[in-house]
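Residue numbers (numbering that gives the first Met the number 0), protein chains in the order written: chain A, 0 to 565; chain B, 0 to 565.
Incorrect hints may have been included.
Copies of one chain are not kept apart here, so a pair can be met inside one copy or by any two copies together.
In silico EDC-like pairs for lysine to aspartate or glutamate, Cα to Cα no more than 20 Å straight-line [said to hold, decoys possible]:
hint : residue 1 : residue 2
1    : K196      : D390
2    : K399      : E12
3    : K239      : E139
4    : K239      : D227
5    : K141      : D477
6    : K239      : E228
7    : K399      : E9
8    : K399      : D6
9    : K196      : D392
10   : K119      : D477
11   : K239      : E274
12   : K141      : D485
13   : K119      : D166
14   : K531      : D485
15   : K399      : E378
16   : K239      : E281
Keep in mind the hints are simulated off the structure, nothing from the lab. Bear in mind that the values here come from a model prediction, so they are computed numbers and not experimental data.
2 protein chains.
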Amino acid sequence: MTKLFNDPAEFAEEQFSGFLSLYADRLRGVPGGAVGLRSGEPQVAVVVGGGSGHYPAFCGLVGPGLAAGAVVGNIFTSPSAAQVYSVAKAADQGRGVVLTFGNYAGDNLNFGIAAERLRKEGIDTRIVVVTDDIASAPEEDKRRGIAGDFTVFKVMGAAAAAGLDLDEVERAGRAANAATRTLGVAFSGCTMPGADKPLFTVPEGHLGLGLGIHGEPGIRDEPLPTADELGRLLVSSLLKEAPDQAGQRVGVILNGLGTTKYEELFLLWNTVSRELAEAGLEVVDPEVGELVTSLDMGGCSLTLMWLTEELEAYWTADAYTPAYRKQRAATAALVPAQQQAGGEAEQEQAPQATPAALGLAEVVLAGLRTAQQTLHANEQMLGRIDAVAGDGDHGRGMVKGIDAALAAAEAAAADGAGGAWLLAKAGQAWAASAGGTSGVLWGAALEAAGASLTDGRQDYAETAAVEAVEAFATAMTDLGRATIGDKTLVDALLPFAERLRTAVGGGSPLPEAWQAAARTATEAAAATANLKPRLGRARPLAEKSLGTPDAGATSLGLIVTALGRR
Amino acid sequence: MTKLFNDPAEFAEEQFSGFLSLYADRLRGVPGGAVGLRSGEPQVAVVVGGGSGHYPAFCGLVGPGLAAGAVVGNIFTSPSAAQVYSVAKAADQGRGVVLTFGNYAGDNLNFGIAAERLRKEGIDTRIVVVTDDIASAPEEDKRRGIAGDFTVFKVMGAAAAAGLDLDEVERAGRAANAATRTLGVAFSGCTMPGADKPLFTVPEGHLGLGLGIHGEPGIRDEPLPTADELGRLLVSSLLKEAPDQAGQRVGVILNGLGTTKYEELFLLWNTVSRELAEAGLEVVDPEVGELVTSLDMGGCSLTLMWLTEELEAYWTADAYTPAYRKQRAATAALVPAQQQAGGEAEQEQAPQATPAALGLAEVVLAGLRTAQQTLHANEQMLGRIDAVAGDGDHGRGMVKGIDAALAAAEAAAADGAGGAWLLAKAGQAWAASAGGTSGVLWGAALEAAGASLTDGRQDYAETAAVEAVEAFATAMTDLGRATIGDKTLVDALLPFAERLRTAVGGGSPLPEAWQAAARTATEAAAATANLKPRLGRARPLAEKSLGTPDAGATSLGLIVTALGRR
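My request is simple: use the sequences and hints to build the entire structure.
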């Protein structure tokens, strides 16, 4: 929804004034629009135009290698003939003018009247109307102009920059239009500044196939497809409308209409590029982004321009405008990827494991399996505790972490790795899969525990377990920066580690020492119910969580208790 | 709302794969992200990163003059330490690595762990955390990183491209962060792929001041201001937070978050640039557009970087990435605007008017005033007729047209112009103000009528009126291409013109001839009720409008009847 304006009636004028002040180093405003500052030899003036609300079309495309001027109408409204005349007159460099715009009744009228007036004054003026929208009519010359505006403008802008004369620029533009096809879809309408409802709507859960960029009727509404399905539909529909004698190379635009964002377009590009390749087409300099928008409309369109050698030269040529910049030299200088791979992280090799380290691997695997059973059994409960003061995802996160950790450890064990290596791999997998701060901490702590053990020893004394637990705890406190009393798992972890050390130091066998430490951890976890959590700004949550133990401390207590029972 | 995906869980990965295939000529994918293809001498590797959903941040900023690599996490989620490590290792060119990202807990953890690992392997690694969001905390080092990410990345990318060593690149980055302040507002939340409701919401009719790019708490909700008010609020809030020893030159970003579109940002730029100038600040290379987005979130932010000489050099330096391209030479070659104005349409001068032409001017002015009264009196009725088969704006459009036409004619009359000139000016004003096809046609037809008269005659015979009406009708049919029976104003206009010619030709004085012709026009207008309109595809409308006269024909009938009564 359009939210930024002062007087809605002045929207088009005010936004254009801001645009002009922003690009005063390369454009100048004239009554009715903008013309680019010049350099070098006089060229044929390609003057583009139409209503506002479609940026980068139309004023964003004025600059070297593209348009010489843009006529700027009110929102979604043709500029007047006087505006077209004024801009064309200022853009003319003595080599003639091409007026070019999408095929709409108002634009045809106004650009037509202006052309007459310019001709009467001796300025040779041609008109190239863009008719790329295959959904708008069966007859090619009756179709509307949508994102294919850009391919036609780009070809003529490059032809003019190459010094071609008016006849030739016009001919190239007509060739570009004849070679260009677009099909668009809309997910949602756009809202005019100051309006309290959209200009048009698309039924919820549907897309409007072929719906125009001002809400003109399309072909039909369809239930929302997956991105794959939509990509196939767009490509196959366009291929059915391929021009006669179409070649194998195509310029492509996958255009977003405003609210359909870059990541969605990149995702759709996977399917589009694959389908084009499967149809035997070679893609040349594809553009995926926003080139012709409709305020905040949701939707996208796919444009193909079947290239001849000439069209390809103009399609790939340099340009430098507010909204579109291409500089072939910048990428030509780069060394191709296949020649410069390397420097990547090498695939790490597990060190040779001693028999003792292989024995340790069995212990680690068994321990991870026990932890997995415990966490799965308690996932819901941990989530409920976390939901009191957090976002309730602790149970889910721990389950995702342990599942990934166990899978990684099992894969490493199958390769003959020792227990220390298994812990390192388990930690890395936990961190990558569990998400959230607790995932990172559990992962780093497991990795640190593995690093304290190493797989080269001939035997692992009971103190090795104590050291591994302390390495785990140190990683947790170093990274997480929590201390006792912050109502985190550190409140259970540090008493556990300390009790384990004193019990083993006092001569207890590891199983008994562990059980004693586990009881300590469980009690400490329960005691966190009396602590306010460490949540700085979130006072209401702090109060709310009183009487509830910390979810992280609880899960630690459950795990060490389960491990003690083995 | 995010609409394009296959499996929502695979969204981040799939979109990144599409992105990589699109830019395979300049980037290569590595586990965890992308690195730029190299050329030239080895440089310090600036590695940026964070979650997906913020394009152009982060992978859109990899390329010459900016980042050497980008780490790509899941949507709104920190990448893992293993991903950061992998990308940094691949991006390293032997001169060290700077990891740089916005200040979020997960990113701090994961980039921190990766930095440790890189250092252990002998790769000198620094961390520069961006903390530009003044709304997120009073203490500078606790603030979140938002659009100011870009200024910090840009400065370090340019410093690395200039060949600086690791210490210097890190120092420049810290200086950029210390000089950068951002304040953002949100109008609406964003929707994660596959989610059925937004991640967060902003109360209807409000904005969230300082709301974070993932919906983090802001300062407060406020009723939606005008663009002017918002611009003043953003500038004044940032100026209060200016760094110590701030200079007079600032780099500026006015950033859209996804759904707040270019035109809105340009409009807001009017106020922002004015307020900055009034505060004595000089704006250097402002960027107005989308640099750090949040899926389809509505909102924007203003970023100021107070420039030193060094920061300005890096801020204005060339860069060439998928989403950000700057080439100073392209604009430096242009001739400044003040040196190349001219070629514009000259201010047209009214020809010297004869006394007869001045008399005609009185007739024209009186006629336009009569038409104005008639149209104002009938605006609602014309709208109601038009609404049966059209969009109901005919009354409004005609009123806007006649008001502008009369004002233009009165201004021309005050300058001593003749009647023909008044008609021409009235027509141009009508076309420019009324909008729609009928506005263009009325404007062109009035202009044609004026052209048929000229202001050089010594007297105007009654046949001059007939010729003017015929010129009017010819312009209307030439441009509008409607014929009798199409249910347009032509159905009333042509019988009117014909009856006027035969009556005057038969010797009737003009007043009687006009009244007879006006009766004919009114009858013909009424008879259009029996015609199906000329609406091609719109069959239901055609049926619906049966029994209703055409609005355009009706308004013509009303006007000529009123003129006849004078």
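Now the hints, each set against the structure:
In this assembly of identical chains, K196 and D390 lie within 20 Å of each other by CA distance solely across copies; the values are 16 Å between and 34 Å within a copy. For a Cα distance limit of 20 Å, the shortest separation of K399 from E12 across copies, 18 Å, qualifies, whereas the shortest one inside one copy, 54 Å, does not. In this assembly of identical chains, K239 and E139 lie within 20 Å of each other by CA distance solely inside one copy; the values are 13 Å within and 59 Å between copies. Proximity of K239 and D227 under a CA criterion of 20 Å is satisfied intra-copy only: 19 Å inside one chain copy versus 50 Å between copies.
Taking the shortest alpha-carbon separations for K141 and D477, only the inter-copy value of 18 Å comes in at or below 20 Å, while the best intra-copy value is 69 Å. In this assembly of identical chains, K239 and E228 lie within 20 Å of each other by CA distance solely inside one copy; the values are 17 Å within and 52 Å between copies. With identical chains, the CA atoms of K399 and E9 are at most 20 Å apart between copies only, with a shortest distance of 15 Å across copies and 54 Å within one. Taking identical chains as interchangeable, the C-alpha atoms of K399 and D6 lie at most 20 Å apart only when they sit on different chains, with a minimum of 18 Å there against 52 Å within one chain.
Only between protomers do K196 and D392 lie at most 20 Å apart by alpha-carbon distance; the minimum there is 18 Å, versus 37 Å within a single protomer. Proximity of K119 and D477 under a CA criterion of 20 Å is satisfied inter-copy only: 17 Å between copies versus 81 Å inside one chain copy. Taking CA atoms no more than 20 Å apart as the test, K239 paired with E274 passes inside one copy only; the shortest distance there is 13 Å, against 54 Å between copies. Taking identical chains as interchangeable, the C-alpha atoms of K141 and D485 lie at most 20 Å apart only when they sit on different chains, with a minimum of 19 Å there against 70 Å within one chain.
For the identical chains of this complex, K119 and D166 are intra-copy neighbours only, at 18 Å inside a copy versus 67 Å across copies, given an alpha-carbon limit of 20 Å. When the C-alpha separation of K531 and D485 is checked against a cutoff of 20 Å, the pair qualifies only within one copy, where the shortest distance is 7 Å, while the shortest distance between copies is 79 Å. Proximity of K399 to E378 under the C-alpha cut-off of 20 Å is restricted to the intra-copy arrangement: shortest distance 10 Å within a copy versus 67 Å between copies. In this assembly of identical chains, K239 and E281 lie within 20 Å of each other by CA distance solely inside one copy; the values are 17 Å within and 55 Å between copies.
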